[in-house]
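**Q** The primary structure of each chain is shown beneath.
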Amino acid sequence: MTVPEPALSPEEEALLAESVDLDAEMRRRVVLMHRDLGRVDHYQLLGVERTADRKELKRAYFELASKLHPDKYFRKKLGSFKDRMEEIFSRITIAHDTLANKDRRAEYDTYLDEQRRSRSIEDLMADAMAEVKRAEDLAEQEAREAEQAAPSPVPPAAAGPRAPSVDVAMSARRDALAKRLLGGRSPSSPSSSSRPSRPPVAPAQSLPSTGEAMGALRRRYEERKSMAKATQARGYVAKGQEALAAGDAIAAANAFRVAISLSPEDPELERTAKEAQARAEELLAETYEKQATYEERNGQWTEAARSWARVCRARPNDDNAHERGANAIVKAEGDLHEAARLAQRACSIKPQNALYRVTLANVYLAAGLALNARRELETAAQLAPQDGTIQAMLRRVGKSA
Amino acid sequence: MEKVIGIDLGTTNSCVAIVENGVPTVIPNRGGYKTTPSMVAVTEAGKRLVGHIAKRQAITNAENTVYAAKRLIGRKWSSPQVKNAVATSSYRIVQGPHADVRIVLRDKEYGVPEISAMVLQEMKLIAEDYLGESVSKAVITVPAYFNDNQRQATKDAGEIAGLDVIRIINEPTAAALSYGYGKNVEKTIAVYDFGGGTFDISILEIGSSGVFKVIATAGDTFLGGEDVDARIIDWLVQAFKDEHQIDLRQDRMALQRLKDAAEKAKCELSSVRETEVNLPFIISSGRNEALHLQRSIDRKTIEDLSADLIERTVDICRQTLADAHLEKEDIEEVLLVGGMTRMPRIQQAVADFFEREPSKGVHPDESVALGAGIQGSALIDDKQEMVLLDVTPHALGIMTQGGYFEELIPQNTTVPTHRTKIFTTSRDNQTAVKIVVMQGESERAEDNELLGEFILTGLRRASKGTVEIEVTFEINADGIVSVHAKDLETGKEQSIEVTASSGLTRDEIKNMMEGAKDYMVERRSTEEFEAAKQEAERIVGEIERLFPQVEQIVAASDFGRDAIEKARAIVAKARTAIGKRDVSAVKAEIEGLSRTHRMFKGVVAKTH
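Protein sequence lines correspond, in order, to chains A and B.
Counting in the numbering used here, the first sequence runs from 1 upward without gaps.
Counting in the numbering used here, the second sequence runs from 1 upward without gaps.
Just so you know, these hints were derived from the structure itself, not from any lab.
For each residue, glycine too, the CB sits at the ideal point set by N, CA and C.
Any given hint could turn out to be false.
Stated by the list, open to error - The list that follows gives simulated cross-link-like pairs (lysine-lysine, PhoX-like), each with its CA atoms no further than 20 angstroms apart:
no.	chain 1	residue 1	chain 2	residue 2
1	B	Lys34	B	Lys264
2	B	Lys533	B	Lys510
3	B	Lys606	B	Lys587
4	B	Lys3	B	Lys566
5	A	Lys76	B	Lys108
6	A	Lys55	A	Lys133
7	A	Lys102	B	Lys34
8	B	Lys3	A	Lys76
9	B	Lys601	B	Lys47
10	B	Lys601	B	Lys566
11	B	Lys421	B	Lys486
12	B	Lys580	B	Lys601
13	B	Lys47	A	Lys67
14	B	Lys34	B	Lys55
15	B	Lys464	B	Lys137
16	A	Lys239	A	Lys290
17	B	Lys55	A	Lys77
18	A	Lys55	B	Lys328
19	A	Lys102	A	Lys290
20	A	Lys331	B	Lys464
21	A	Lys55	B	Lys187
22	B	Lys108	B	Lys434
23	A	Lys77	A	Lys67
24	A	Lys331	B	Lys580
25	B	Lys47	B	Lys108
26	B	Lys360	B	Lys383
27	B	Lys47	B	Lys580
28	B	Lys510	B	Lys108
29	A	Lys102	B	Lys587
30	A	Lys102	A	Lys55
31	B	Lys421	B	Lys137
32	A	Lys76	A	Lys55
33	B	Lys573	A	Lys55
34	B	Lys187	B	Lys55
35	B	Lys3	B	Lys187
36	A	Lys76	B	Lys328
What the hints assert, rightly or not - Here are a few chain A residues that sit away from chain B, every Cβ distance over 12 angstroms (derived from the structure):
no.	residue
37	Asp83
38	Ile94
39	Arg104
40	Glu286
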């Protein structure tokens with residue numbers, strides 16, 4: 001069995017103190033395994049490689065089962081460990097049974113791949129946020145370096161003026177700084193002349209106030225920064241187009257996303273970025289749809305509801321995803337408001353679909369809203385007058401309403 | 001460490017085994033047989049007979065001799081199998097007070113578990129005689145396809161017999177245990193178990209670490225050797241009817257003789273190609289003329305008669321493999337269990353289907369009891385490296401609105417397992433909900449077996465759908481189902497537990513236990529008396545043999561005459577005690593008798 005870290009939290013350590021007919025090592029093992037049930041996949045749980053063959057699986061499972069089956073402790077005192085052990089046993093059995101069956105294992109592997117895929121897409125997308133931050137930092141650094149290359153170095157505190165301070169000492173320091181920068185030393189510095197975009201430094205010569213001096217300084221700095229940003233944005237656009245050409249929608253979306261954050265006033269770029277983002281979201285939706293389908297088949301309704309929700313986010317017009325999402329929530333005994341919202345959306349996309357009405361009715365029934373359910377069922381019955389199930393449901397609702 | 005016996009409670013024969021010093025052993029009965037007929041009879045004098053003695057008198061006491069009670073155990077009166085048994089059995093079957101089944105013997109009604117308990121008690125006695133100590137713990141086997149009511153009824157039978165049934169296990173699984181025990185093999189095996197009353201097929205994986213995992217199991221609880229017997233009886237009855245225009249079924253005694261003859265012919269035809277059924281004076285012609293049944297039957301005939309039954313077993317095998325997602329070539333060994341597998345045609349059918357010769361590694365009559373013994377010892381003995389991972393043979397679920405069955409735990413799920421479902425109220429101010437628990441594979445609730453229903457009360461008054469009840473369905477390692485309910489709102493666990501019903505109430509079981517205990521006391525005292533009586537009579541015999549000699553030697557003296565008088569008095573007293581069936585009095589006389597005997601021997605020896 002794979003145990004990420006064999007350390008126990010103080011609460012878990014406390015569990016070991018219970019007086020049961022298990023030796024200390026076994027108690028620790030049970031607590032650890034039980035703690036990790038939620039985070040490990042079937043392979044990790046059994047402690048086998050993903051390439052393990054049936055024999056290896058069986059051996060690993062049998063080894064665990066021979067230690068954890070309740071019969072090993074027949075009529076012994078197990079206290080709270082009994083439930084924990086039964087749960088572990090139940091999980092290792094599911095893991096083995098799934099992996100021992102060729103078809104089910106293939107399905108599960110695909111599911112794991114999809115899970116990994118969506119996780120890496122999400123990681124990549126999260127990376128894009130970091131990338132935006134990095135790009136901005138870089139632009140700032142470049143602007144700063146440009147200033148430094150000039151005779152008036154801008155200390156890192158240059159951003160300071162943006163926050164007017166009541167701190168007297170601080171303001172005094174700022175004044176001193178401005179004097180030193182603009183008047184105190186070679187005021188006729190040629191540095192600014194090299195930058196045609198910069199306003200002439202002339203005002204500085206006529207006794208500039210510290211405010212004006214700071215403003216000018218800030219403007220120059222901002223300009224440099226925005227130039228650096230624009231250069232970087234162009235680089236990201238190129239990167240994005242390259243990724244698009246290579247068919248890597250995620251990388252493209254990320255690149256455009258960084259580009260647009262660096263260069264927010266470009267409508268053309270904004271459109272491209274949006275398209276790329278939509279394409280990436282769709283990819284994510286596709287993998288979530290596959291996961292949801294697997295989860296539905298295996299009765300993991302809570303997980304399925306979550307996966308469908310992700311699909312719906314990317315595809316606001318996918319009636320099927322909304323309907324199935326609603327259904328999964330009902331099955332998982334989840335948030336019925338959300339279920340109703342999804343089912344209503346499905347109905348409004350395809351108002352003529354009787355099945356969607358039935359699902360919505362089921363949501364209402366689960367929420368105890370029999371009248372609403374009845375209304376939907378009546379609509380469904382009009383849409384599909386031959387459907388016996390709808391009739392039966394109507395009779396049932398009729399009775400309880 | 002306490003000993004645990006393993007009992008194969010069969011339809012026709014039962015067998016008991018134990019693991020002694022790590023060696024599984026079948027315990028023979030007093031007659032030296034390793035199996036005991038699962039037959040119970042009550043004589044005209046009200047005496048209970050179990051096993052071989054019950055079987056020997058079955059023909060003359062057909063109405064009061066129960067065979068194949070296992071086919072009725074845990075079944076409802078209304079079931080088709082019971083209807084069938086009522087029509088074909090020589091003993092009387094009536095409806096019990098809880099829609100269950102009762103058997104009438106000498107005007108007294110017995111619950112089916114009570115009858116099975118008599119057989120179990122006999123097996124317990126066999127073990128106790130062999131071990132020389134009392135035994136209270138047992139593992140009992142049932143057909144894999146038994147439902148929960150049948151399992152519970154079997155457990156109840158054990159309880160009535162004074163046994164702590166620590167586990168019920170499946171027969172084919174037990175056979176696999178006895179096959180794989182101590183072998184350290186890794187194999188996928190199929191167990192084809194065709195017994196007297198039931199057919200089972202189980203597929204298991206035997207692995208390292210002493211683990212036995214059942215992958216799939218299926219069967220038919222009303223398909224067995226008894227059905228083959230019935231076919232032979234039909235065939236004989238029809239032939240007789242054609243010849244004499246008389247229906248032998250009308251006569252219970254004739255029917256019992258036919259049954260015996262059919263079973264005998266079936267067994268013989270496993271080793272010979274042809275045999276004779278010879279039943280003289282089977283019935284009177286009505287013109288006061290005795291008729292005889294005499295017919296030869298060959299192997300081909302019995303094979304034809306049972307062809308469709310055999311085909312049915314093969315179909316079930318095919319289905320089970322498919323359910324287990326296995327191919328024939330995945331099966332590395334096939335075990336044959338149950339008396340029916342002695343039939344050459346069946347061995348052939350199994351070999352043809354699995355494309356492999358079945359193993360000769362297990363004894364068809366003994367391996368199940370041995371496996372039960374092995375499981376018992378594994379549970380009790382920490383040193384035993386063996387774990388059995390069994391499955392639930394039937395899906396478990398509840399009845400939903402409209403009479404549908406909603407499955408919660410699927411068939412062939414490894415136990416122990418549990419599933420939880422949340423129920424809500426469906427009416428405003430509903431303070432109680434009824435949950436109907438069922439077992440089976442049909443979508444329609446009514447086709448499945450009702451395990452029990454319970455009503456959860458004391459719910460808060462609220463609009464419908466607001467009160468939530470969490471219901472947990474659990475199958476423990478025994479394969480026995482229980483259902484717990486919890487009011488999620490209050491978090492209060494309502495300790496309601498539904499267990500299957502054998503058709504007997506707790507009170508009835510308790511009374512039956514008392515009855516069984518009384519019987520044991522009586523039987524023990526009878527045995528004690530018989531032993532004392534035998535001993536006393538033996539010594540009396542010796543004394544009487546020596547009387548003439550001793551009289552000749554000592555008659556001359558007063559002392560001698562006195563001694564002879566005393567000896568006569570002691571013998572007379574012993575005879576009276578025996579006549580009164582007074583155990584303690586007989587035992588008390590034995591000492592005096594022995595003294596007299598020693599004295600007589602001394603006198604004779606001195607003289608010679």
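**Q** Against each hint, give a clear statement of whether it holds in the structure.
**A** Now the hints, each set against the structure:
{"no.": "1", "hint": "B:Lys34 <-> B:Lys264", "verdict": "holds (18 angstroms)"}
{"no.": "2", "hint": "B:Lys533 <-> B:Lys510", "verdict": "violated (34 angstroms)"}
{"no.": "3", "hint": "B:Lys606 <-> B:Lys587", "verdict": "violated (29 angstroms)"}
{"no.": "4", "hint": "B:Lys3 <-> B:Lys566", "verdict": "violated (49 angstroms)"}
{"no.": "5", "hint": "A:Lys76 <-> B:Lys108", "verdict": "violated (42 angstroms)"}
{"no.": "6", "hint": "A:Lys55 <-> A:Lys133", "verdict": "violated (50 angstroms)"}
{"no.": "7", "hint": "A:Lys102 <-> B:Lys34", "verdict": "violated (44 angstroms)"}
{"no.": "8", "hint": "B:Lys3 <-> A:Lys76", "verdict": "holds (17 angstroms)"}
{"no.": "9", "hint": "B:Lys601 <-> B:Lys47", "verdict": "violated (41 angstroms)"}
{"no.": "10", "hint": "B:Lys601 <-> B:Lys566", "verdict": "holds (16 angstroms)"}
{"no.": "11", "hint": "B:Lys421 <-> B:Lys486", "verdict": "holds (11 angstroms)"}
{"no.": "12", "hint": "B:Lys580 <-> B:Lys601", "verdict": "violated (29 angstroms)"}
{"no.": "13", "hint": "B:Lys47 <-> A:Lys67", "verdict": "violated (50 angstroms)"}
{"no.": "14", "hint": "B:Lys34 <-> B:Lys55", "verdict": "holds (15 angstroms)"}
{"no.": "15", "hint": "B:Lys464 <-> B:Lys137", "verdict": "violated (49 angstroms)"}
{"no.": "16", "hint": "A:Lys239 <-> A:Lys290", "verdict": "violated (30 angstroms)"}
{"no.": "17", "hint": "B:Lys55 <-> A:Lys77", "verdict": "violated (46 angstroms)"}
{"no.": "18", "hint": "A:Lys55 <-> B:Lys328", "verdict": "holds (18 angstroms)"}
{"no.": "19", "hint": "A:Lys102 <-> A:Lys290", "verdict": "holds (19 angstroms)"}
{"no.": "20", "hint": "A:Lys331 <-> B:Lys464", "verdict": "holds (18 angstroms)"}
{"no.": "21", "hint": "A:Lys55 <-> B:Lys187", "verdict": "holds (10 angstroms)"}
{"no.": "22", "hint": "B:Lys108 <-> B:Lys434", "verdict": "violated (37 angstroms)"}
{"no.": "23", "hint": "A:Lys77 <-> A:Lys67", "verdict": "holds (16 angstroms)"}
{"no.": "24", "hint": "A:Lys331 <-> B:Lys580", "verdict": "violated (76 angstroms)"}
{"no.": "25", "hint": "B:Lys47 <-> B:Lys108", "verdict": "holds (13 angstroms)"}
{"no.": "26", "hint": "B:Lys360 <-> B:Lys383", "verdict": "violated (29 angstroms)"}
{"no.": "27", "hint": "B:Lys47 <-> B:Lys580", "verdict": "holds (19 angstroms)"}
{"no.": "28", "hint": "B:Lys510 <-> B:Lys108", "verdict": "holds (17 angstroms)"}
{"no.": "29", "hint": "A:Lys102 <-> B:Lys587", "verdict": "violated (73 angstroms)"}
{"no.": "30", "hint": "A:Lys102 <-> A:Lys55", "verdict": "holds (13 angstroms)"}
{"no.": "31", "hint": "B:Lys421 <-> B:Lys137", "verdict": "violated (36 angstroms)"}
{"no.": "32", "hint": "A:Lys76 <-> A:Lys55", "verdict": "violated (32 angstroms)"}
{"no.": "33", "hint": "B:Lys573 <-> A:Lys55", "verdict": "violated (77 angstroms)"}
{"no.": "34", "hint": "B:Lys187 <-> B:Lys55", "verdict": "violated (40 angstroms)"}
{"no.": "35", "hint": "B:Lys3 <-> B:Lys187", "verdict": "violated (30 angstroms)"}
{"no.": "36", "hint": "A:Lys76 <-> B:Lys328", "verdict": "violated (41 angstroms)"}
{"no.": "37", "hint": "Asp83", "verdict": "violated (10 angstroms)"}
{"no.": "38", "hint": "Ile94", "verdict": "violated (9 angstroms)"}
{"no.": "39", "hint": "Arg104", "verdict": "violated (8 angstroms)"}
{"no.": "40", "hint": "Glu286", "verdict": "holds (29 angstroms)"}
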